[in-house]
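A.B. asks: Protein chains in written order, with numbering that gives the first Met the number 0: chain S, 0 to 437; chain V, 0 to 437; chain U, 0 to 437; chain P, 0 to 437.
None of these hints come from the bench; they were simulated from the model.
This one's a predicted model, so the numbers in the text were calculated from it and none came from an experiment.
Errors might be hidden in some of the hints.
Copies of the same chain look alike in the list, so a pair counts if it works inside one copy or between any two.
The calculated SDA-like cross-link candidates involving lysine to any residue, where the alpha carbons are at most 20 Å apart (straight line), are [said to hold, decoys possible]:
{"no.": "1", "residue 1": "K367", "residue 2": "Q271"}
{"no.": "2", "residue 1": "K167", "residue 2": "N41"}
{"no.": "3", "residue 1": "K367", "residue 2": "E193"}
{"no.": "4", "residue 1": "K367", "residue 2": "N245"}
{"no.": "5", "residue 1": "K295", "residue 2": "N282"}
{"no.": "6", "residue 1": "K85", "residue 2": "S54"}
{"no.": "7", "residue 1": "K309", "residue 2": "N248"}
{"no.": "8", "residue 1": "K309", "residue 2": "H244"}
Protein chains: 4
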Amino acid sequence: MFNISLFVAEIEEQLKLWRREFHKFPEASWTEYRTACEVVKNLETMGYEVLWGPSVVSAEARMGLPPQEILEQSWQRALKQGADPKIINTMQGGFTGVLGLFKTCRPGPTVALRFELDALEIAESDAESHYPFREKFSSLNPGIMHACGHDGHLAIGLGVAKILIKLKEHLAGTIKLIFQPAEEGVRGAQSMVEAGVLDDVDYFISGHIGLGVNNIGEIVCGSEGFLDTSKYDVEYIGSSAHAGHNPENGKNALLAAATAIINLHAISRHGQGSSRVNVGTLNSGNGRNLIPSWAKYTLETRGETEEINKYMVEKAKRIIQGAAEMYDVSFNIRKMGSAHGAVSNDQLISLVAKTLDDISDVKKVHLKKQFTASEDVTNMMRLVQDKGGLATYLLFGSEITGGHHQGNFDFDEKVLPIATRVLLETILRIVRLPERGE
Amino acid sequence: MFNISLFVAEIEEQLKLWRREFHKFPEASWTEYRTACEVVKNLETMGYEVLWGPSVVSAEARMGLPPQEILEQSWQRALKQGADPKIINTMQGGFTGVLGLFKTCRPGPTVALRFELDALEIAESDAESHYPFREKFSSLNPGIMHACGHDGHLAIGLGVAKILIKLKEHLAGTIKLIFQPAEEGVRGAQSMVEAGVLDDVDYFISGHIGLGVNNIGEIVCGSEGFLDTSKYDVEYIGSSAHAGHNPENGKNALLAAATAIINLHAISRHGQGSSRVNVGTLNSGNGRNLIPSWAKYTLETRGETEEINKYMVEKAKRIIQGAAEMYDVSFNIRKMGSAHGAVSNDQLISLVAKTLDDISDVKKVHLKKQFTASEDVTNMMRLVQDKGGLATYLLFGSEITGGHHQGNFDFDEKVLPIATRVLLETILRIVRLPERGE
Amino acid sequence: MFNISLFVAEIEEQLKLWRREFHKFPEASWTEYRTACEVVKNLETMGYEVLWGPSVVSAEARMGLPPQEILEQSWQRALKQGADPKIINTMQGGFTGVLGLFKTCRPGPTVALRFELDALEIAESDAESHYPFREKFSSLNPGIMHACGHDGHLAIGLGVAKILIKLKEHLAGTIKLIFQPAEEGVRGAQSMVEAGVLDDVDYFISGHIGLGVNNIGEIVCGSEGFLDTSKYDVEYIGSSAHAGHNPENGKNALLAAATAIINLHAISRHGQGSSRVNVGTLNSGNGRNLIPSWAKYTLETRGETEEINKYMVEKAKRIIQGAAEMYDVSFNIRKMGSAHGAVSNDQLISLVAKTLDDISDVKKVHLKKQFTASEDVTNMMRLVQDKGGLATYLLFGSEITGGHHQGNFDFDEKVLPIATRVLLETILRIVRLPERGE
Amino acid sequence: MFNISLFVAEIEEQLKLWRREFHKFPEASWTEYRTACEVVKNLETMGYEVLWGPSVVSAEARMGLPPQEILEQSWQRALKQGADPKIINTMQGGFTGVLGLFKTCRPGPTVALRFELDALEIAESDAESHYPFREKFSSLNPGIMHACGHDGHLAIGLGVAKILIKLKEHLAGTIKLIFQPAEEGVRGAQSMVEAGVLDDVDYFISGHIGLGVNNIGEIVCGSEGFLDTSKYDVEYIGSSAHAGHNPENGKNALLAAATAIINLHAISRHGQGSSRVNVGTLNSGNGRNLIPSWAKYTLETRGETEEINKYMVEKAKRIIQGAAEMYDVSFNIRKMGSAHGAVSNDQLISLVAKTLDDISDVKKVHLKKQFTASEDVTNMMRLVQDKGGLATYLLFGSEITGGHHQGNFDFDEKVLPIATRVLLETILRIVRLPERGE
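Next comes chain S alone, as it looks inside the complex:
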């Protein structure tokens, strides 16, 4: 017999330290060299078999990779910030996924957990009211910040890893701890799916801190209503001319983009369900007195179903092209991310719910919640489900300061031990050997 509650209590301080260390060194999508290196080192120390780099990240399936220059600069920065060159060597060029493998060598199911490595390109608040700043663990990388809680997820992942392997005598089957790059922008999951990491998984569990579940001890056992989504970068290339002297010679890329943007938002609602469209950023032009010769913008579409998102994408492409033709500018559209809808399996939801009954820190349980956003974890969930396995996505309640993706985002660190315990107890329900004498 053992007591998970006590094990977790023992590492409570460690969870907080991990979280804060990750928070101090945030790395944007596909450049999580230092973060991944820390994960590798920790898992190896604990006794996991650890794989990383191209063996667990399919090169072709990576979407929305930053330019080579950024990949290289970030790699150099990781070195300066203490990453082990022997480890991150094989990650170079954006192969930052990590797989921690623990085979009990007793027959049993394969259980996978998934955590995210990446931070956001958001400047962290330096207000005294911002907890990470006050406690001196705010971002050391200007313009980058863990503003969505992935630093917490990483701590939880290492916490689960640390305790689980101690219990190896009591377990059957195989545990896979997946640390995924580039969740932001739904860019990275597919690359680990296509590398085959999920192919043999029977039970898949992931989860998120916060997201509208606001109380410590409040847990959601499953999710549905993930929006199918596509991400594109669009570029218009026209030609410049002096705006006073010969404006008629210009081909105005900004007017093409402005026309496209308004009309993209005017794509008709779909009678069969929800849709979304957003142009989140636009940059254009070289100077006030020049016809703008270029414009770049970032687009995303979403749909309640795959069909609705396809409808949005098809309409969007028409508009992008038509606007280009209106202004005689050329264009290119680059796919930067993609995720599908998914629904947690009721069977696994029930199993989680039953587990929660026995955890006293859990105060309130919801079976399911509508996600109404997108997460590329769905690409993993769908693969597992397509192969006959079960998948679910949990939410771990925590008061959130400042809102997700804001410079003053923060969560309550009390969620770390609770989430760690929830995941551990759930896994144990699946892979624990029957106690002798039971």
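Position chains V, U and P relative to chain S; hints supplied.
C.D. replies: Positioned in the frame of chain S, the structure of chains V, U and P alone reads:
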């Protein structure tokens, strides 16, 4: 010897009567059956050789013809309003041009004058303050009105005709009095040009009442700055769908049109000179709760030069097409009118100016004025000039009530005898035989 | 004992005749003088107490009334087409609602049925393939057509009326047959609600032919997912100017409207549920060469909830106003219609479903369907429910040719006796006296 | 007697060195610390009385100043690149104008020449085909480049200065050499005007290399057709929200900007003359999946007359505001530059033309050219003319590689000695003492 001043004084009342009669029976472009018939009858009575119908109007060169149904209804209305079926028979289907020919049979130059037959699709004011209404000669044809002064031009034309033929003993050369259909929308002149009516003309004179020259007795001898212009009707055809139930199935012709319209106005200014663009009317859709399946609009472009107008047309066509592609609707563009720039010949301007010196009613003379609008008289002027002749376009000053193309438009009838005399005296300078004994 | 099936069989031909007669004389919303008169005459002949005009239509609550001139012309047309002046006198000015009242004078519940009087401003097809045309009962009123099945509903209503009153010995309670004007555009229901017609109703039933239920014998017992909706007419008033001469003096109402329209469609989707927006028609401008001084368009918004529709309306008003300010034009917004969401009561759905079990012509039964459109019947349903009564909205399956609101719309007349029987049997379940001896 | 031709020949190599040195250290508008310092040092060495800083630059009249941070960084960079702290101390914060004064102390007119100090924020080409790169004098300041020829103007200015002061025995009156900051964006001239630098000037001469005059030895003696212009920076501030979860809570600054931009370009042409409008750059948004909470763009308007530019500005402000209201975002508009039209005085043009007759290197002379762009030299010209002086603006022909304001811009250095000589000879015509014995 004879005194033009006295001749004109004798017909002053007649000029007014003609004007008012034409004003009562306004007919829109290409449907001026009754008007043309009156002109034919008057000219024949005076002794002119008169041609009309397809012999002076090239079928293929007619632009912006109304639908067959309108042509037919208007023809029937003309009959009811007293047109002679024998005369208007050959005008059927929109062949409403008239040519009055007077050959002196003495060698000499050919002088052509041009007047316009058509009225506008504007509802005439029935305010007491509106002179034609108060004097009971306002339009009997609802929604149609002589709101640009062509009724006055017609009276002047007949006045010139009446006096000129009386002077036949004193004249050499040939006089051509051209009564043109469909000046509004610059649609009709080209059809008489291509019928060859202008081919042998040495001197071409036309003119307009008002247009910013506001005083009785003020005359402009020549014009420049006519804008090169093109007129198009554009139609978008999409498909309808219920706006609540399945809006995604519609192809929204109105959104395509709205996008096109704004972007048409955003066509870049041209560094080499003035340009214009206007969408004057738009109609679209069958019902509030249906995705609009059709939209029609009327477009015109202008340019200070032919090259600039070509630039505008080329850009406009791109925008029209690109907007159609954005919304997956089909479209068609129909050319409805066209006129070029033209400049009055200085030599003829001088001749007019010299003539005016001797007319006491003329109080103020300007050699030239910038027209800054379009008139298809320019198609006639250019042909004459291209063949080595001289051409000018005069303005006859008059206070204008209500503005051109407004429902309460009116001019001062005192302009009629002055304009008649100016034209007569100018023609005489060209074709008068030297007095015996002089 | 009596057999509804036989009663209905007896009037089957009559149902068809009624339907075709109504189809021949379609009248648009608020001008259903002849139609209402026929209903009044029939109900009176059958023995109903009949009310119409201002006593059952609240003057102030009428939305989207046509101009006085149209109301008057339509009234004159109704007279010419056989309406009884004594009856339609009190309907003048758009008071076309009718209430047929049948009090059994035995204590019991009040049951209300509702039918619609109005047709659509759609030109009927004259293709040989169009059944009403081939059978010579197509619209005699050009540009107006029963293109949504209300002619069928009227026939069903009279059929129910005719049989029900024969059964008076077997019934308790009160029957109210409501014939509503101006359902199209959700304009009329509220006026009968506010006249108090529904105040004492315990059971409210209405229904529709077709709407996606395609088979004869297929019946839907209740509806939900009606969209909350608002209808507005918007007008922009700028000022005109000549597009060549002085375009800078114009205030372009069409550009304001075009800008508004595109941006209205670009109002952000709502995270809490479905929304809709449509600009169904736009008309603008007086001539190709004039800056358009006016523009009018018809707008509607919808929302899955009242809150979402309010959000749409609020955003729309901002955009309408902002676009006006951009072009320095004035504007007005006129509310033309409004309907809320509603949900059929499960209890009444069950009662209908149970009834259907005993009707052999009914082949397939659905308990509920998502409406995903708007219907002002919801204003009636909500009032009844707010006062403690039950309400439902049925769908009567029929193959539909050409689609609702299309010029070649048609339904299968076999639906008429089935729908009549379904309504009758349902009412009998509620108000039938227990058979003696039962 | 002396020979200007020989004097110029002596400094030909020096002109090239100056030009290349300035080219290597380009500084953007209002940050020309090092450049101004070099000018000060050279002028002082030559013997000029030199003023700089706030005494010749009015603080309040400076437009389009960069942020304090940029001003400071640039000042530090200037120090590193060799600027003398004693000199540039008083320039701190953007007071980079320099005035070189040479009083002959003999009675005579005051002649002012004006040269520009600033470079452009354009990255210089590093193609082998780019002459400055090949010859190793391309920009050492990344992203900044002399891409309009001001480096050449500075060399000419120093060349004129050097020779002129040698001739002091032969001259009367006063010479003012004005070195102006921030010509790009028409931001700087007004600040030297308002500091009074031009108040006593009788003859004002400035000029430009290239600008469509393509041959070495081709000179234009005067300019007209400068466009009146205004420059604004516009910012929209809305609020962000997650584009999937709760897009309805966002206030979309990008959609407001896109709407404004298109409609700004759609401002009606003006019937009285040319106008221009351009939005040269736009930046907006923080991330693909966030409603963009901010957007910034740079705007300029122009007009053939001050009235037309005022019309453009007034319409533009309406549109900027209306678009903000449509999307419920706040906005601010900041004036960044302004220049008026101006016309060179015929009298001074003639004087220049006469001077050119005697210069053998001058191959082709034009009296006047239409500028059709904007230059804040006009603010200086107008002041001088308003006070009764004469002003002109010359063009010095040179083949231009790559176009003005392009990263591969270059001119032919042969223009330097010619322009130097043209200016010197022209000044001498005005201020030279009569030769004794002449």
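A.B. asks: All hints, please: hold or fail.
C.D. replies: Checked hints:
{"no.": "1", "hint": "K367 / Q271", "verdict": "between (22 Å within a copy, 17 Å between copies)"}
{"no.": "2", "hint": "K167 / N41", "verdict": "within (17 Å within a copy, 82 Å between copies)"}
{"no.": "3", "hint": "K367 / E193", "verdict": "neither (28 Å within a copy, 43 Å between copies)"}
{"no.": "4", "hint": "K367 / N245", "verdict": "between (61 Å within a copy, 19 Å between copies)"}
{"no.": "5", "hint": "K295 / N282", "verdict": "both (5 Å within a copy, 10 Å between copies)"}
{"no.": "6", "hint": "K85 / S54", "verdict": "within (16 Å within a copy, 62 Å between copies)"}
{"no.": "7", "hint": "K309 / N248", "verdict": "between (37 Å within a copy, 14 Å between copies)"}
{"no.": "8", "hint": "K309 / H244", "verdict": "between (44 Å within a copy, 19 Å between copies)"}
Of the numbered hints given earlier, the model fails hint 3 alone.
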